[in-house]
Each structure stands twice: as C-alpha cells, then as structure tokens.
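Visitor: Sequence:
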Amino acid sequence: MSTKAPIQRAIDYGDCSVSTSDVKFESGRLEEAKATVCITLYNYDNFILDALYSVFDQTLENLGLVVMDDCSTDFGLRRVERWMEEYAGRFTGARVVGHHVNRGLGFARNGAIAQAESEFVMILDADNELYPRCVERLVSGIDGTDFAFAYSILERFGEESG
Numbered sequence: 001m002s003t004k005a006p007i008q009r010a011i012d013y014g015d016c017s018v019s020t021s022d023v024k025f026e027s028g029r030l031e032e033a034k035a036t037v038c039i040t041l042y043n044y045d046n047f048i049l050d051a052l053y054s055v056f057d058q059t060l061e062n063l064g065l066v067v068m069d070d071c072s073t074d075f076g077l078r079r080v081e082r083w084m085e086e087y088a089g090r091f092t093g094a095r096v097v098g099h100h101v102n103r104g105l106g107f108a109r110n111g112a113i114a115q116a117e118s119e120f121v122m123i124l125d126a127d128n129e130l131y132p133r134c135v136e137r138l139v140s141g142i143d144g145t146d147f148a149f150a151y152s153i154l155e156r157f158g159e160e161s162g
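1 is the number of the first residue of the sequence shown in the numbering used here; add one for each residue after it.
Take every hint as true, because none was put in to throw you off.
Derived CB-CB ranges, DEER-like:
{"#": "1", "residue 1": "Phe-149", "residue 2": "Thr-59", "range": "17 to 23 Å"}
{"#": "2", "residue 1": "Asn-102", "residue 2": "Val-23", "range": "16 to 22 Å"}
{"#": "3", "residue 1": "Asp-146", "residue 2": "Arg-82", "range": "39 to 45 Å"}
{"#": "4", "residue 1": "Cys-71", "residue 2": "Ala-148", "range": "29 to 35 Å"}
{"#": "5", "residue 1": "Glu-85", "residue 2": "Phe-149", "range": "29 to 35 Å"}
{"#": "6", "residue 1": "Gly-104", "residue 2": "Tyr-151", "range": "17 to 23 Å"}
{"#": "7", "residue 1": "Phe-75", "residue 2": "Gly-106", "range": "23 to 29 Å"}
Everything labelled a hint here was simulated from the structure, so no lab data went into it.
Glycine included, C-beta positions come from ideal geometry on N, C-alpha and C.
Use the sequences and the hints to build the structure in full.
Guide: Given below as structure tokens:
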C-alpha cells in the first residue's frame, strides 16, 4: 500500500472577474442586449476575423459581443481591437477583455460569461463561425420557456482546424 498523498484533482482558478484581466475595448451597453456572443481567443489570429464577421452577420439585431483573450502571444488581440474600432457600432454592446496570464479555455469561457449582461449567452471559439440566423433561432427556441439552454448543431468545413 502506498503512503504517497493522493494527487490533487481540483485546481482553484480563483475569480474570473476583470481583476485578473483588463478591458481593452468597450462600446455601447451590454446590459441592453437580448443575447451576447462570447468568443474565447488564444493564438487564433488566422481565424478570429472569420468568427467576428459571422457574429456581425447575425440576424438578431439586439446583440452583444464579448471577446475574451487568454493572453495570446500572436496578433489575435490586436486584430480584434482594430476590428472593434470599425464594427462595434453594429452591436448593442461590445467588450474586449485580455487576461494577464494564460489561464486555459474553461477560465476564459467563465470570464467571458461573467462579462455578458444579457439574458442569453452563446459561447463561440475563435476558430468557429455561425450561420447568420443561428443566435436568433436559438433565442426564439428558448425565450419564454423553462429551458435553461439551447445548443447549435456543429458542421465541419474544410480540413484546417485550430
């Protein structure tokens, strides 16, 4: 029988609030959005603009956007900031937040959700895209019901992945 201590299985990631990150860009009023798309970003500068344009093209008009950068070492965050300067007006509210250190996908997602102030939230990874009616259809399917969440069907495009 081993006398070694058991391996610690849980890691305390602490507070997912802005205190562990900085707001890099903010526009509008996220609290007035019906739904918010939260994009997590870590070293996907070659995919992030496609993800952003797919959110821009959503048919739901009252839409918020949060991008949570998990301390990327590429140009992804800078691309997002430049894109937001030009296109943030399409959204009811938009915010870009950057972590001080890389904390992992789960922490980034939780932090993005914490930034959203709308009734509905959709998570989108930076290497994914949405069909134009995606958010509107998901919201209409659960708005006014007792359902806690709705999830979209995934479709693979091409062989390249992030």
